Every structure is written in structure tokens, then in C-alpha cells.
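Participant: Which chain is which? The protein sequence lines are A and B, in order. So the first sequence is numbered by the numbering used here: it starts at 111 and just counts up by one. So the second sequence is numbered by the numbering used here: it starts at 111 and just counts up by one.
Keep in mind the hints are simulated off the structure, nothing from the lab. There could be a bad hint or two in this list.
If chains are identical, the list can't say which one is meant, so a pair holds when it fits in one copy or spans any two.
[Stated by the list, open to error] BS3-like, lysine-lysine: derived pairs with alpha carbons at most 25 angstroms apart: (1) Lys112 with Lys530; (2) Lys421 with Lys199; (3) Lys118 with Lys199; (4) Lys389 with Lys331; (5) Lys128 with Lys389; (6) Lys258 with Lys421; (7) Lys429 with Lys331; (8) Lys437 with Lys447; (9) Lys530 with Lys252; (10) Lys270 with Lys252; (11) Lys522 with Lys424; (12) Lys421 with Lys118; (13) Lys252 with Lys332.
Quantities reported herein were computed from a predicted structural model and do not represent experimental measurements.
2 protein chains.
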Amino acid sequence: MKTYTYPKSAELFARAAKVIPGGVYGHLGPAEGCFMPVQAYPLFSSRAEGAYFWDVDGNRFIDYMCAYGPNILGYNDPDVDAAVQAQLKDGNCVSFPTAKLVDLGELMVDTVDMADWAFFAKNGGDTTMFSLMIARAATGRKKVVLTKGGYHGVAPWTQKAGHPGITPEDVANNLYVDFGDFEGLERLFAEHRGEIACFMSTPYYHPVFDDNRLPPDGYWKKVRELCTREGVVLAIDDVRCGFRLDVRGSDAHYGFEADLECFCKALANGWNISAVCGKDWLREAAGSVMYTGSYWLSAAPIAAAIACVGKMRKMDVAKVCTEKGRKLTSGLAEAGKRHGFDLKISGEPAMWFMRITDDPNMDHHQAWVAECVRRGVFFTNHHNLFINAALTDADIAFTLDVADEAFAAVKKDGPLSARKGW
Amino acid sequence: MKTYTYPKSAELFARAAKVIPGGVYGHLGPAEGCFMPVQAYPLFSSRAEGAYFWDVDGNRFIDYMCAYGPNILGYNDPDVDAAVQAQLKDGNCVSFPTAKLVDLGELMVDTVDMADWAFFAKNGGDTTMFSLMIARAATGRKKVVLTKGGYHGVAPWTQKAGHPGITPEDVANNLYVDFGDFEGLERLFAEHRGEIACFMSTPYYHPVFDDNRLPPDGYWKKVRELCTREGVVLAIDDVRCGFRLDVRGSDAHYGFEADLECFCKALANGWNISAVCGKDWLREAAGSVMYTGSYWLSAAPIAAAIACVGKMRKMDVAKVCTEKGRKLTSGLAEAGKRHGFDLKISGEPAMWFMRITDDPNMDHHQAWVAECVRRGVFFTNHHNLFINAALTDADIAFTLDVADEAFAAVKKDGPLSARKGW
Numbered sequence: 111m112k113t114y115t116y117p118k119s120a121e122l123f124a125r126a127a128k129v130i131p132g133g134v135y136g137h138l139g140p141a142e143g144c145f146m147p148v149q150a151y152p153l154f155s156s157r158a159e160g161a162y163f164w165d166v167d168g169n170r171f172i173d174y175m176c177a178y179g180p181n182i183l184g185y186n187d188p189d190v191d192a193a194v195q196a197q198l199k200d201g202n203c204v205s206f207p208t209a210k211l212v213d214l215g216e217l218m219v220d221t222v223d224m225a226d227w228a229f230f231a232k233n234g235g236d237t238t239m240f241s242l243m244i245a246r247a248a249t250g251r252k253k254v255v256l257t258k259g260g261y262h263g264v265a266p267w268t269q270k271a272g273h274p275g276i277t278p279e280d281v282a283n284n285l286y287v288d289f290g291d292f293e294g295l296e297r298l299f300a301e302h303r304g305e306i307a308c309f310m311s312t313p314y315y316h317p318v319f320d321d322n323r324l325p326p327d328g329y330w331k332k333v334r335e336l337c338t339r340e341g342v343v344l345a346i347d348d349v350r351c352g353f354r355l356d357v358r359g360s361d362a363h364y365g366f367e368a369d370l371e372c373f374c375k376a377l378a379n380g381w382n383i384s385a386v387c388g389k390d391w392l393r394e395a396a397g398s399v400m401y402t403g404s405y406w407l408s409a410a411p412i413a414a415a416i417a418c419v420g421k422m423r424k425m426d427v428a429k430v431c432t433e434k435g436r437k438l439t440s441g442l443a444e445a446g447k448r449h450g451f452d453l454k455i456s457g458e459p460a461m462w463f464m465r466i467t468d469d470p471n472m473d474h475h476q477a478w479v480a481e482c483v484r485r486g487v488f489f490t491n492h493h494n495l496f497i498n499a500a501l502t503d504a505d506i507a508f509t510l511d512v513a514d515e516a517f518a519a520v521k522k523d524g525p526l527s528a529r530k531g532w
Numbered sequence: 111m112k113t114y115t116y117p118k119s120a121e122l123f124a125r126a127a128k129v130i131p132g133g134v135y136g137h138l139g140p141a142e143g144c145f146m147p148v149q150a151y152p153l154f155s156s157r158a159e160g161a162y163f164w165d166v167d168g169n170r171f172i173d174y175m176c177a178y179g180p181n182i183l184g185y186n187d188p189d190v191d192a193a194v195q196a197q198l199k200d201g202n203c204v205s206f207p208t209a210k211l212v213d214l215g216e217l218m219v220d221t222v223d224m225a226d227w228a229f230f231a232k233n234g235g236d237t238t239m240f241s242l243m244i245a246r247a248a249t250g251r252k253k254v255v256l257t258k259g260g261y262h263g264v265a266p267w268t269q270k271a272g273h274p275g276i277t278p279e280d281v282a283n284n285l286y287v288d289f290g291d292f293e294g295l296e297r298l299f300a301e302h303r304g305e306i307a308c309f310m311s312t313p314y315y316h317p318v319f320d321d322n323r324l325p326p327d328g329y330w331k332k333v334r335e336l337c338t339r340e341g342v343v344l345a346i347d348d349v350r351c352g353f354r355l356d357v358r359g360s361d362a363h364y365g366f367e368a369d370l371e372c373f374c375k376a377l378a379n380g381w382n383i384s385a386v387c388g389k390d391w392l393r394e395a396a397g398s399v400m401y402t403g404s405y406w407l408s409a410a411p412i413a414a415a416i417a418c419v420g421k422m423r424k425m426d427v428a429k430v431c432t433e434k435g436r437k438l439t440s441g442l443a444e445a446g447k448r449h450g451f452d453l454k455i456s457g458e459p460a461m462w463f464m465r466i467t468d469d470p471n472m473d474h475h476q477a478w479v480a481e482c483v484r485r486g487v488f489f490t491n492h493h494n495l496f497i498n499a500a501l502t503d504a505d506i507a508f509t510l511d512v513a514d515e516a517f518a519a520v521k522k523d524g525p526l527s528a529r530k531g532w
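Isolated chain A (complex conformation) (with noise of 0.2 angstroms):
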């Protein structure tokens, strides 16, 4: 197989370098998202189609990052894209929402299993900041407990006290809990009765670097149980697992019922647009609350969300992802055992967590990355991978094939500290 380079990807990062700090920033760029060999990943798109994207040098890629979450159909789904021009011939960001508001609010209560009413923003980091003040006016209290590792966006109550730009004040209202301990979980909320809003968790645990983890059997039942006796209010951040898991919610995946839940990614496939549904208790709380921002009623993206909303249900989108992430994962083991790697697959089947076990320094396992993206399979190194539902059978035959080289190629060339510009 021939293996890509990136010169055009290389020439635009120096002139973003010059009038952007970090060049291409935040989860997009290769120091927070894909902790990258620069060398052997692309850093600009051109084009996108279904599962591909293509780069600035004219390397096609299977995009298993999806956008980090939002491409669920395929990127430039029809139906969606559809739905989309069809809104723009009669206009977007206006004075006043169109109908289109109500019918996706009716749509959101229709769909997900929990929701009495349903609220749209832009940010998935909008709708965790919304649950949590919505969670304060209603109980009058302040403290929200986080689990550890968990990541509800960039605002700095979800960041730790001293990163950059982070007060101590930022934080002073969160405690912590590791992901799936009740008995933690249970210790504090007797420790701060009367004190704790919210408890805000993603449905399972995906964090960066860390093998994924399922809810133990029992979990949520017990802090359903536990929130309810407590009067905290139980916010799920399905910002990412949204739709993947489950069309009803992953609260309803995982049989449990949120207070709120929170969305963003794949609720509208890439178009601009977030939404927490929340239970009728806290509706004048979130009435209260003083929210909004100046494209938060666009039309476009609302009439994406209806049409991404209306398909995903229709083809019982989370099945089809799980099948096909069961079918690749599979493989991708299998192919790593044939080279003696033992490639570990944690989390859910749609959303993938992955890594080469005995390899301390995660050396091994970039170098095996970044030999399957010069082949055209796009995967980066620590942070869980999406499928989408335009990903075919040959789609995964060709990664199995570009996955078995790789490791060949990382069995022969070492791990990625012995690679010489690398």
C-alpha cells in the first residue's frame, strides 16, 4: 500500500501558525486532539462524503473520528442537506423562530424516552452549563458532583483549578466521585445533605486515555434511587453517546431515567445546534434561568435536527452503528493477535475505545495509529472513535486490511520514539 504524505496539510499549518494560536486549535488540532505525529497525519480537509474525508493533499481517509461525533449519517446526508436548503430559500438566523422550533421540540418529546420538554442552544458545553443552573434554581443549592475524568465541555467549572485560566472560585462547588462507585457516590451525598444540586455524568465512562467503562450492572438504578431520595437532580451528558446508543436517550439504553439530559453531536449530522430535554419538575426552573444567545433560534440547523431526528429513528440508527462497531472491532483485534499485539476494545460498540495493552508509553499504539492513517484510515491515539451509518462492508474490509499492515509495519519498525522524524 502506498502511504500518504501531507506537504499542502504542512504549508497551510505554518501560515494558521502565524495568525491563530496553536495553528489549528482545541480538539481539532494535533496537540489536545490526536497528540499526533505530525508527519504522518493530515491537518486540513477538503472534502467530505459519506464516511470520508478527503484531505488538502488529496488523500482520501475513512474518518472514524465522524467530527468527533456529529457525522451519524454520513457526512452531506441527502435528507438532511435537503431539509436544510429548503429552509435557507425562506431564511436562517432571524428576528423570530419559524415553526420548525415547535415541531423539533414535539419531535424531541416524542423521541426521547425522559423528555417532558426540551430547550436548544449551540454548544454541547451550552446545555451542561444550562442543566447545571437549571439544577440550582430549582433546589436552591449549590454543589454538583462530577465523576473524575469526566468531560462536560471547556466552560471553567469543567476544567481544574489550576490549568490556564482557571480560578480556584471556578471550581469551589464541584466534588468528585469515581465513575460507577455508589458507594462513593452515596458517601457524599450523605456528607453534603441539603447541599448538592445536581449530579452530572455521561452515561458511561469515556475519557481520553483511559480503557472505557460500562456502568456495573445495578448502577444507575441505584443512583436513579439515591438522586430521587436526595432531591438532587440527575443530569446526564449524552453529548457524545447521544443517538449512538440508543434514539430514546442512553439513559433509557442503560433503563434508567435522567431529570435532564443534554445533547449535542450527532442530534442534527454536523448542522450547528444542541438541546437539553428535561422532566416536567424543572420546567419553571429552566423557565427562570436567564439563557440564550443570538443564533440559538436559527432555522437551518433546527431543520436539520428534525430531518437527522426523523432518520436516525427510522433506520434504528444505534443498531446499525453497534453492528457495524462490532463487526470492526472484532477485526481489529483479530488482526492485532495475528502480529502478537493485544489490542484492547473498551466501551460501546458505536464508540469505541482502543489501545495496545504492554505498551507503557503508548508508543506502540501511536505508531500503530499513525501507520493506519498514512494508509487511509483515520483514527487518532486516545480518545474514543465514532462509527457512522454510511460506513459499507468494504469500508471495514479495507481497515481490517490497512489495520493487519500497520501492524506489520509497527512489528518491523518499532513503536514510535524509534522512528526517525517522527
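Go by the hints and put chain B onto chain A.
Facilitator: Positioned in the frame of chain A, the structure of chain B alone reads:
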């Protein structure tokens, strides 16, 4: 003139209230946005074009809210929308940005006088939060000075302790000063020497419910010198004013240079993007802050911003909007005078504020605005209004006719409190 009715808006609002807290929420809703008698205002749009929107009952309005700022070139501007359409063929939200991210970074640095670099996000509030985090990271200090009554988004630190969902810790590092009070600012800086990371302010004072105020002579020059002397980051929130006063930034308009400047609203004529521009000495701090979002590097809004900024420069949009604003507001004041009302105009002509004086409950003003709205001129009551470049002389003439008739109606039928059923 025929006066409008809104049966379909009312029907939709009843449906919305069942599935969305508050029905239509935030600044677009009846409560926070317009302080409107719902019998006189529409609540849902069906389409928009140029300077107009049509509501779901088929009523046409000349729109002086401009989507609360984003509409600067006219709704559905053909040049901006063509740039978006060209981009959408290639994709929008992908695992990497396109080369257009770099083009936009370079364009912002070339356009905004103070800019050595640019950074893009989604909400205006993303940019004020990021600015504060950069200032804290750069200075190692915690406090921020804000002007009383200033608006910088909806994040908890921008609100007041005691508002629903806001804790004392959220605002523990805030200090407040009156807009334009240089001596007060000096005093705060002296009292908290070495503790203040940032002074954040809009370029002029444009609160709700109050006459807008331009900066006193020499104010910004003195503030700039003070901030430099004390090592405090001067961050200008140009989210609302940006490009309407001067395409080079509102700091340039008032003859000074900010360290950080926040843009949103008019940046892409309604496409969903915001930006922070900064000086070189803050580049490293900006790169150190963890700040990112799912849709932040999406290509379509970036393409829109490139087209919009280019067109705004070419046509000198600030001059165009300022001239239209002058013509309109002087005509409105004259119309008031003819009927014995003193309509006071304040702020900048491109985004003026108005109120009827000697009207302690703002009751005549609200009645007059309602009479304008139901004749097809969309104003809100206590928020500044906005001019867009698509507004024609005929639109201004029509507006003045409506204003005249509306003043006559208020003279005849009295203030809002005197109206039955309003």
C-alpha cells in the same frame, strides 16, 4: 393603515408552551426580549429577505431588530449565501477544518486594526469567556472589572448573584464600575493593585431600558494608558457593535487599541460563528487555554464570514448603516414632535436606542412601539435597534409614515395600560 393580527403566532405559541420552557425563550421571546404585549407582536417568522421578515400570519415587517444584530447586509444576502452554497458541496463539519480557516484568520488580522491573531468559536459568550480566561492565564490574576449594566452573554459570571441558577462563587471575582467613570476605574485599580486580570467593556454603553451613552471625550485613551500601566488586559466586547461602527473594530472607531476584541453577530450575516482577535503579547496565553467545541471549525460559517467581511469592507457598511440610521432617527424624532411626544434618540445611529421622555412607566413608549409593530415596522421596546444595509429610502419613508400614525394612535387611545386586552 391596516393593523395586523396574529392568530397563527398565538396558536403556535400555545403549542410551543407545552414542549419548550417559556415557549419562545431568551431574547427572542416575549419575556426577556421585547417586553411586548403579545396581542400586538408576532412570535414566529415564516421567511425573511433583505430588510424584511414575514410572520406566520403572512404579515410583512421592516425589521429593525435584524435578528438582534446578525443581519447587517440584508437577510439572505446573495454573496454570503453563494459562498456558503459553494462550501456546502464540499462539506461543513468535518474532522478537520478547511484552508478557509486560515484565509479567515488572515482576513481578520488584515481587517481589524488591533488584531495580531484571531480565534473562532460559536456564541458571543464563548468569546467573552475565552477573553477572560486568556487574561487570567496571561496575568496570573483573577479579578475582572465590568461596567454596571453591561451585557457579555449568559454564562454565570456575566449575571448577578441571586439570579436563578447563579451562585456567589460565580461572581466572586467581579468588580463593577459605571461606564465612562475613569476616576472610579482608577480607584478600583488602585484598591486591587496586582489582582485585576481584565477590564471588559462594550465600546459604548448600550444597556436595555436606559439611554445609551457614548464614551466621554478622552475616556478610552486614558483607560488604555491605565490598563497598560497596571498590566491589565483591556478586552472590548464588540459582539453587538462590531462592524456597525467601523469594520476595523469599534476600538479603532473611538481611537484606541484593545488587547482583546470579541466579535459575533454581524461577522457572518447570521451564519453561526464568533471570533476573538488579540495582540501578540497574549498569543501564548490564548494557546494555553483549553477551549474548543464540536462545531467550532465548521466550514460553512467560515465561508460566510469571509464573504461577509469582504463585502462589509468593500461597501463601507458602517458608513452606510450610520447614514441610514441618522436619516431614520431624525425623522422619528420629528414625527414624535408633531404629536407632542419627545422621542429621545441615543447611542450610535447604526444601532440607536429610543424612548419617549416624561413617560415614567414607559407606558406611552410601549404603546407607540406596539402601534408601529402592528402596522409593519418591527421595533422592540427597551433594547437598542439595528440598521442593515438592505434598508432602502422607501423603507425609511414607510417607517416614518407608520411612526406618525402610531404617535397619533397613542395620542388618541392612550398608553398601554389604558388598552383593553393588551
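Participant: Against this structure, judge whether each hint is valid.
Facilitator: Quick rundown of the hints versus the structure:
Taking identical chains as interchangeable, the C-alpha atoms of lysine 112 and lysine 530 lie at most 25 angstroms apart only when both belong to the same chain, with a minimum of 19 angstroms there against 78 angstroms between chains. For the homomeric pair lysine 421 and lysine 199, the shortest alpha-carbon distances inside one copy (22 angstroms) and between copies (21 angstroms) are both at most 25 angstroms. When the C-alpha separation of lysine 118 and lysine 199 is checked against a cutoff of 25 angstroms, the pair qualifies only between copies, where the shortest distance is 21 angstroms, while the shortest distance within a copy is 36 angstroms. In the homo-oligomer, the alpha carbons of lysine 389 and lysine 331 lie at most 25 angstroms apart inside one protomer (17 angstroms), although the nearest pairing across protomers, at 52 angstroms, exceeds that limit.
Taking identical chains as interchangeable, the C-alpha atoms of lysine 128 and lysine 389 lie at most 25 angstroms apart only when they sit on different chains, with a minimum of 12 angstroms there against 48 angstroms within one chain. In this assembly of identical chains, lysine 258 and lysine 421 lie within 25 angstroms of each other by CA distance neither inside one copy nor across copies; the values are 35 angstroms within and 48 angstroms between. In this assembly of identical chains, lysine 429 and lysine 331 lie within 25 angstroms of each other by CA distance solely inside one copy; the values are 23 angstroms within and 62 angstroms between copies. Taking the closest pair of Cα atoms, lysine 437 and lysine 447 come within 25 angstroms of each other only inside a single copy of the chain (16 angstroms); across copies the shortest separation is 77 angstroms, beyond that limit.
Taking CA atoms no more than 25 angstroms apart as the test, lysine 530 paired with lysine 252 passes in neither setting, with 53 angstroms inside one copy and 44 angstroms between copies. Both within a single protomer and between protomers do lysine 270 and lysine 252 lie at most 25 angstroms apart by alpha-carbon distance, with minima of 18 angstroms and 15 angstroms respectively. For the identical chains of this complex, lysine 522 and lysine 424 are neighbours neither inside a copy (47 angstroms) nor across copies (58 angstroms), given an alpha-carbon limit of 25 angstroms. Proximity of lysine 421 and lysine 118 under a CA criterion of 25 angstroms is satisfied in neither setting, with 37 angstroms inside one chain copy and 28 angstroms between copies.
Taking the closest pair of Cα atoms, lysine 252 and lysine 332 come within 25 angstroms of each other only inside a single copy of the chain (23 angstroms); across copies the shortest separation is 40 angstroms, beyond that limit.
Hints 6, 9, 11 and 12, counting from the list given before, are not met by this structure.
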